[in-house]
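Q: What follows is the residue order along each chain.
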Amino acid sequence: MSNALPPLEHYIWLSSILFCIGVAGVLIRRNGIVLLMCVELMLNAVNLLFTAFSTHFQDASGQIFVFFVMVVAAAEVAVGLAILVMIYRNTKSVDISLLDNLKH
Amino acid sequence: MEYLFYILSGFTILSAILMISARNPVHSVLYLIVTFFLISGQYLMMNAQFLFIVNLIVYAGAIMVLFLFVLMLLNLNRETEPQKSMKAKLAGVISAGLLLITLLGALIQGQTYRGSLHITDVGLVKNLGMALFTKFVVPFEVSSILFLSAMVGAILVGMRKKEDKEVVSE
Amino acid sequence: MEIYIAIALLSPVIGFALSGLLGRSLPKNIIGILASTSVLISFICSLLLFNYLYQNGAPIKFTFFNWMAVGNISIDFSFLADRLSVWMMMIITGVGFLIHIYSIGYMHNDEGFYKFFAYLNLFIFAMLTLVLGANYVIMFFGWEGVGLCSYLLIGFWYSNKQYGYAARKAFIMNRIGDLGLLLGIFMLFNVFGTTDYQTVFASAASANATTIEIICLLLFVGAIGKSAQIPLFTWLPDAMAGPTPVSALIHAATMVTAGIYLVARSSVFFVNSEMASNLVLMVGLATAVIAGTIGLKQNDIKKVLAYSTVSQLGYMFVALGVGAYSTALFHVTTHAFFKALLFLGSGSVIHAMGGEQDIRKMGGLSKKLTITHFTFLLGTLAIAGVPPLAGFFSKDEILAKAFYGNGIIVFVLLALTSVVTAVYMFRLYFLTFHGEFRGTEEQKHHLHESPSSMTVPLIILAVLSCSGGILGLSSLFSHHHFINDFFVKTLLNKPIEEPSHFFEWLVLGVSVVLLAIIILVTRKFYTSNSNIPVAAEDETGIGKVLSKKYYFDEIYQAFVQKPIEWISEFTYSIIDRKIIDGIVNTTGNGISFCGNYLRKIQSGNIEYYLLAMVIGVVSFLVIYQLV
Numbered sequence: 001m002s003n004a005l006p007p008l009e010h011y012i013w014l015s016s017i018l019f020c021i022g023v024a025g026v027l028i029r030r031n032g033i034v035l036l037m038c039v040e041l042m043l044n045a046v047n048l049l050f051t052a053f054s055t056h057f058q059d060a061s062g063q064i065f066v067f068f069v070m071v072v073a074a075a076e077v078a079v080g081l082a083i084l085v086m087i088y089r090n091t092k093s094v095d096i097s098l099l100d101n102l103k104h
Numbered sequence: 105m106e107y108l109f110y111i112l113s114g115f116t117i118l119s120a121i122l123m124i125s126a127r128n129p130v131h132s133v134l135y136l137i138v139t140f141f142l143i144s145g146q147y148l149m150m151n152a153q154f155l156f157i158v159n160l161i162v163y164a165g166a167i168m169v170l171f172l173f174v175l176m177l178l179n180l181n182r183e184t185e186p187q188k189s190m191k192a193k194l195a196g197v198i199s200a201g202l203l204l205i206t207l208l209g210a211l212i213q214g215q216t217y218r219g220s221l222h223i224t225d226v227g228l229v230k231n232l233g234m235a236l237f238t239k240f241v242v243p244f245e246v247s248s249i250l251f252l253s254a255m256v257g258a259i260l261v262g263m264r265k266k267e268d269k270e271v272v273s274e
Numbered sequence: 275m276e277i278y279i280a281i282a283l284l285s286p287v288i289g290f291a292l293s294g295l296l297g298r299s300l301p302k303n304i305i306g307i308l309a310s311t312s313v314l315i316s317f318i319c320s321l322l323l324f325n326y327l328y329q330n331g332a333p334i335k336f337t338f339f340n341w342m343a344v345g346n347i348s349i350d351f352s353f354l355a356d357r358l359s360v361w362m363m364m365i366i367t368g369v370g371f372l373i374h375i376y377s378i379g380y381m382h383n384d385e386g387f388y389k390f391f392a393y394l395n396l397f398i399f400a401m402l403t404l405v406l407g408a409n410y411v412i413m414f415f416g417w418e419g420v421g422l423c424s425y426l427l428i429g430f431w432y433s434n435k436q437y438g439y440a441a442r443k444a445f446i447m448n449r450i451g452d453l454g455l456l457l458g459i460f461m462l463f464n465v466f467g468t469t470d471y472q473t474v475f476a477s478a479a480s481a482n483a484t485t486i487e488i489i490c491l492l493l494f495v496g497a498i499g500k501s502a503q504i505p506l507f508t509w510l511p512d513a514m515a516g517p518t519p520v521s522a523l524i525h526a527a528t529m530v531t532a533g534i535y536l537v538a539r540s541s542v543f544f545v546n547s548e549m550a551s552n553l554v555l556m557v558g559l560a561t562a563v564i565a566g567t568i569g570l571k572q573n574d575i576k577k578v579l580a581y582s583t584v585s586q587l588g589y590m591f592v593a594l595g596v597g598a599y600s601t602a603l604f605h606v607t608t609h610a611f612f613k614a615l616l617f618l619g620s621g622s623v624i625h626a627m628g629g630e631q632d633i634r635k636m637g638g639l640s641k642k643l644t645i646t647h648f649t650f651l652l653g654t655l656a657i658a659g660v661p662p663l664a665g666f667f668s669k670d671e672i673l674a675k676a677f678y679g680n681g682i683i684v685f686v687l688l689a690l691t692s693v694v695t696a697v698y699m700f701r702l703y704f705l706t707f708h709g710e711f712r713g714t715e716e717q718k719h720h721l722h723e724s725p726s727s728m729t730v731p732l733i734i735l736a737v738l739s740c741s742g743g744i745l746g747l748s749s750l751f752s753h754h755h756f757i758n759d760f761f762v763k764t765l766l767n768k769p770i771e772e773p774s775h776f777f778e779w780l781v782l783g784v785s786v787v788l789l790a791i792i793i794l795v796t797r798k799f800y801t802s803n804s805n806i807p808v809a810a811e812d813e814t815g816i817g818k819v820l821s822k823k824y825y826f827d828e829i830y831q832a833f834v835q836k837p838i839e840w841i842s843e844f845t846y847s848i849i850d851r852k853i854i855d856g857i858v859n860t861t862g863n864g865i866s867f868c869g870n871y872l873r874k875i876q877s878g879n880i881e882y883y884l885l886a887m888v889i890g891v892v893s894f895l896v897i898y899q900l901v
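Chains as they are written, first to last, in the working numbering: chain A, 1 to 104; chain B, 105 to 274; chain C, 275 to 901.
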């Protein structure tokens, strides 16, 4: 087992692909909960990239930032799901296309 | 070691695609959990031990459980799943593709990124702890306030008032 | 000495201010006396100045302040009292004073009594500015001022729309002439760098001859407008809508002579400009003939006198055209006397008839209105040129100058016009004062002689009309021609041969004989009832053309007014409404339409927003990369 990992470029590829899959998911799905999950996927892809950079430059700041991203993600999921539940209570569905009250 | 990376990343991408295309939302959740496990494996490969364990505990353990919880609470399954038209789906996929191309075009340029990574000690708990409590102690404390506000917010938003009782009980 | 100029100018201004501001609260007589006194003060100042100049004093220049100094051009608000201006000043203030006195009686029952006197005083001030100005710009200032006062006074009884139109017509026609005058002044600035009389006339010889010709032509255009020559004369008969004192003062004695003054003042220029002088001659001649013939068929007292004024002004311009500037001024003086007399007399008649102006409804007034009748007769004799009244001497001199200065054709035409003048004047006289009374019974009871405030000025003017001839006795009777001698340095008269004694006696004899015939014939003709003139509509043939004033008004209406109205209508309805408003409205509508369209972006659709976000990020990155 060598000490070498794949070049940083490959991590960039992986992270970008995962991110864009997440974006595609956000644009494709109509279920609010699944939407939030795709956002989580995007965040994770970014986390991966941060860690890769941190390992490459041997700087702990990258991984610390990942830590804080997770903090924020957790908080966001909590509040987001609470809102979704409220929406469900009001509209009996989590279909986001029903949320068009901002129309003109 | 490198082939392990490629295997892991292949599976990661596969499970991600399955996640976004699954009809049943419960399947999506499960696929996402798998994705998280695989990503955590990536972390372990880079010797980011702390992040590996935290990723598993927080993401796969807490957040996904929360998602599953809400899904079950709202009792959603395959029949009630709303679907978009094929045109919209196509538009979405193409936009994401465009984004991918753009990002890659932007990021893959310099020579800097050609070098291979080496396994370091940066990800060890001790080292991270040192950095966290010296350089980043203020954000750390602030994040506690963030959690507090999130908690209060979630409870306030989701709090049932008297008139909601009739709506849900149908 | 300068102080007299200042007092003479300020006195009417103060009168104007006091009458205008305090007029409502003061009793009518006080206002009348106040206004007349202010003019009297100016008249006394003018006499003092005249005396000074007669004793061979030098012309006085009084600079009030420097009005404008722009670049190389500096215009001073300065006044020049030389022989020409003081002479005009005396006429203006003297006749003006008499007319003010007259107006006290004439306008006695009018509501706007104080306004009338305020305007009259303002007019005196403007006219004095005109004649006393030391440069063309100040003269123009006065020129416009008298135009304004003319407008105000013609439309004095403003509740009648027709009078308002007449006032407007006068003002606009004046304006057309003023354009020429302004252009002339601009050219003067261009050529000489200043319009100061003394400077300009001194350097006139060194300027380009063609330029001087053009300046003369332009100045004459202004004179045409103000002095009612062809083609801008139709406003004067319509201006009779104003009260009679106004007609007497402005449209007989003073304002219309402003054009004569202008040309006389610019004699240095006109003397050397053949073409311009000839044009002046032609225009004056044409006007004299045409206006004279129109007067034959007019039935309104004041209109007859108005056309007579236009005709006499034509005479004056003929004199100017041949280069006999002081002769023209002589005629201005005598004309002021007898025309003011005639107008005031007609005012007295109108007053007695209770406002009736149609001579067909008059007749036999000589018994009831004795003073008016007698003074009017004297005025008629004067204008017809019966020796030894004033009119004879001035007209005779113009005829002589025309014959010797130009040729026989001009002389013959002027002589014929004099015959015509005599005919229509005596027609007017006989129809008004002799024969049977043709008015209503009520008017008959109303007939009375005017109060003394009106008759005294009539008497004074009659005396002046009789004796005014002294000012310019021809070589037949005296070796001294007062006016010619007086103006010898100020006005550059063209050297014209003195008429021979034979010529003088011939003209004298022929005119006496002719006039006697005319008087007898018209008396016979117009005192019998069968020859009462018919209404304008019922005239036939040449009579119709004359009574319709050669259709001048109709021609102007068709060829000038209608096209301008058409252009204005076109500009309004098409350019303004459709094009400009169209552009503005279309822009507004277009933006509103785009707004409507863009509004649909705000669909409230979350998926759409998400897609837009992603596309936005992509585009941003792409553009960033490209740039």
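Keep in mind that the hints were calculated from the coordinates and are not lab data.
Glycine included, C-beta positions come from ideal geometry on N, C-alpha and C.
Be aware that one or more of the hints could be misleading.
As the list claims (entries may be wrong) - Pairwise CB distance ranges (calculated): (1) C:Val858 <-> B:Gly257: 35 to 43 Å; (2) A:Val69 <-> B:His222: 19 to 27 Å; (3) B:Phe244 <-> A:Ile83: 25 to 33 Å; (4) B:Gly257 <-> C:Val896: 43 to 51 Å; (5) C:Phe894 <-> A:Phe57: 43 to 51 Å; (6) C:Leu900 <-> B:Gly165: 17 to 25 Å; (7) C:Arg873 <-> A:Val69: 31 to 39 Å; (8) A:Val72 <-> C:Cys868: 52 to 60 Å; (9) A:Val72 <-> C:Phe867: 38 to 46 Å; (10) A:Val69 <-> C:Val858: 49 to 57 Å; (11) B:Leu211 <-> C:Val858: 45 to 53 Å; (12) C:Phe894 <-> B:His222: 50 to 58 Å; (13) C:Arg873 <-> B:Glu245: 40 to 48 Å; (14) C:Ser866 <-> A:Val69: 34 to 42 Å.
Q: Could you check the hint for me, namely that Phe894 of chain C and His222 of chain B are 50 to 58 Å apart, CB to CB?
A: Given a distance of about 35 Å, which is not inside 50 to 58 Å, the answer is violated.
Q: Using the beta carbons of Arg873 of chain C and Val69 of chain A, state whether their distance is inside 31 to 39 Å or not.
A: holds, 38 Å
Q: Could you check the hint for me, namely that Phe894 of chain C and Phe57 of chain A are 43 to 51 Å apart, CB to CB?
A: violated, 27 Å
Q: Taking the CB of Val72 of chain A and the CB of Phe867 of chain C, does the distance hold inside 38 to 46 Å?
A: holds, 44 Å
Q: Could one say that the CB atoms of Ser866 of chain C and Val69 of chain A fall in the range 34 to 42 Å?
A: Violated, at about 46 Å.
Q: If you check the beta carbons of Val858 of chain C and Gly257 of chain B, does the distance land in 35 to 43 Å?
A: Violated: the Cβ-Cβ distance is about 52 Å, outside 35 to 43 Å.
Q: For the hint 49 to 57 Å, verify it against the beta carbon of Val69 of chain A and that of Val858 of chain C.
A: holds, 55 Å
Q: For the range 45 to 53 Å, tell me whether the beta carbons of Leu211 of chain B and Val858 of chain C fit it or not.
A: holds, 52 Å
Q: Is the gap between the beta carbons of Gly257 of chain B and Val896 of chain C within 43 to 51 Å?
A: violated, 37 Å
Q: Holds or violated: the 52 to 60 Å window for the beta-carbon distance between Val72 of chain A and Cys868 of chain C?
A: violated, 40 Å
Q: Using the C-beta atoms of Leu900 of chain C and Gly165 of chain B, is the stated range 17 to 25 Å upheld?
A: violated, 45 Å
Q: Is the hinted range of 19 to 27 Å satisfied by the C-beta distance from Val69 of chain A to His222 of chain B?
A: holds, 24 Å
Violated hints for the displayed structure, listed by number in ascending order: 1, 4, 5, 6, 8, 12 and 14.
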